[in-house]
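Those protein sequences? They're chains R and Z, same order as listed. When you number the first sequence by this note's numbering, it's gap-free, plus one each residue, and the end is 268. When you number the second sequence by this note's numbering, it's gap-free, plus one each residue, and the end is 991.
Some hints here could point you the wrong way.
[Claimed, not checked] Listed below are the simulated PhoX-like cross-link pairs for lysine-lysine, each with C-alpha atoms no more than 25 Å apart in a straight line: (1) Z:LYS959 - R:LYS127; (2) R:LYS55 - R:LYS112; (3) R:LYS209 - Z:LYS920.
[To be verified] A partial selection of chain Z residues facing chain R, derived with a Cβ cut-off under 10 Å: (4) GLU861; (5) SER862; (6) GLN863; (7) MET865; (8) GLN868; (9) TYR869; (10) LEU873; (11) LYS895; (12) TYR898.
Source of the hints: derived by calculation from the structure; they are not laboratory data. Using N, Cα and C, we set each Cβ at its ideal position, and we do this for glycine too.
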Amino acid sequence: MQEIALKGFGEVVKTVTFRVKRYSPENADMPRYMEYKVPVQRGMTILDGILYIKEHLDHSLSARYSCRMGICGSCGMIINGKEKLACQTQILELGKDLIKVDPMGNYEIVKDLVPDLSKLFRNHQKVKPYVLREEESPTSEYLQTPEQREEYAMFTDCILCGMCLSACPTNAADELYLGPQALAQGFRYISDNRDLGFEERLNVLDSKHGVWRCHFSGACSEVCPKGVDPALGIQLLRQLLTENIFVKHKQKGTTRGPERKSASGVS
Amino acid sequence: MRESQIMFIQYMTGLLILVFGSFHFLLISALAPTTDKVLYSYTYLNGIRTLAGGTLYYSTVKAVYTSLMWGSVFELLLTFLVFHIFNGFRVILSEQFPGSKAEKIITYSVLIAAMIVFIWGSRTIVLMLNGGL
Numbered sequence: 002m003q004e005i006a007l008k009g010f011g012e013v014v015k016t017v018t019f020r021v022k023r024y025s026p027e028n029a030d031m032p033r034y035m036e037y038k039v040p041v042q043r044g045m046t047i048l049d050g051i052l053y054i055k056e057h058l059d060h061s062l063s064a065r066y067s068c069r070m071g072i073c074g075s076c077g078m079i080i081n082g083k084e085k086l087a088c089q090t091q092i093l094e095l096g097k098d099l100i101k102v103d104p105m106g107n108y109e110i111v112k113d114l115v116p117d118l119s120k121l122f123r124n125h126q127k128v129k130p131y132v133l134r135e136e137e138s139p140t141s142e143y144l145q146t147p148e149q150r151e152e153y154a155m156f157t158d159c160i161l162c163g164m165c166l167s168a169c170p171t172n173a174a175d176e177l178y179l180g181p182q183a184l185a186q187g188f189r190y191i192s193d194n195r196d197l198g199f200e201e202r203l204n205v206l207d208s209k210h211g212v213w214r215c216h217f218s219g220a221c222s223e224v225c226p227k228g229v230d231p232a233l234g235i236q237l238l239r240q241l242l243t244e245n246i247f248v249k250h251k252q253k254g255t256t257r258g259p260e261r262k263s264a265s266g267v268s
Numbered sequence: 859m860r861e862s863q864i865m866f867i868q869y870m871t872g873l874l875i876l877v878f879g880s881f882h883f884l885l886i887s888a889l890a891p892t893t894d895k896v897l898y899s900y901t902y903l904n905g906i907r908t909l910a911g912g913t914l915y916y917s918t919v920k921a922v923y924t925s926l927m928w929g930s931v932f933e934l935l936l937t938f939l940v941f942h943i944f945n946g947f948r949v950i951l952s953e954q955f956p957g958s959k960a961e962k963i964i965t966y967s968v969l970i971a972a973m974i975v976f977i978w979g980s981r982t983i984v985l986m987l988n989g990g991l
């Protein structure tokens, strides 16, 4: 095999075998694993390895990626049995000569390592992931102190990579389950002092396939690449909904700040 | 009924089953209406080992089951158990077979099964309160 070194990386340290799951629903092929020998240079990530395969060994391999720096959340996949962002996972840090790469679980597969994330976005949409207010076009900002933001700050780090949904055992059985991502985002907006959408979200969050179906395995929190703890969000949401049985949860909704003038001087 | 209310009852009945279940087991030990707190006690009648008493002796068990207080404890335990078990079934089956049609079938099937078990169990308790069959 001709070893082609990638530019911008160190010297080739060793050769690693990538065992990649291949599947193309369009061709009605059965899923199968294919092996590729990849020369690993210092600093190479799994995504670099996959791109190496695509460029030099097999052009037909499909994978989704974008930013290559753990921000966009596009390259989530199962690497050696665990959900990881391919761009954040160093090949040498895995310490293995055989690397098994699977597409994320609990999703339909578009092709090879590309999952169909429609379910994730659909569930995300269901919890109305935005501040709900009655005013249609507010002319100034809603006030919030740093302490008030701190109450839900962790949950704003979600990049919608969908790895929590892939790792979630409940989602594997119950395809209508909202999933950790949507539930954590539901909590994020309910606990936002600017929001007034608690009652509106209740029908979705407090439903048969909502927050109460979580088995608290904690897999979602374990795999989150941004350190978000969706399992905690779900438990806090449960606490809030239980309290709501006895004392109705009331959102006050923060007041608006002074109107600001735009750069042109027109408010 | 909201799912949060159902699940709150589910957790509460789980706790109450522990409490009332403990009573149930204490009934054949520390709380049994006998002097000897063993399951079975024996005596020798004409040299033959014979059952003489104990917490599971027929007359002891009958004394417990004909008591209104213990009958009430059993009825409550039955109520908590029926709700907890059958709602648990509903949850598990709804996860396994999601979909509004399947869920409707599951909910009503489980409800009917729960009512049959509850009525049958209550009948047994009431019959025992009246001295048995």
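Can you name, in rising order, the numbers of the hints this structure does not satisfy? 3, 10, 11, 12
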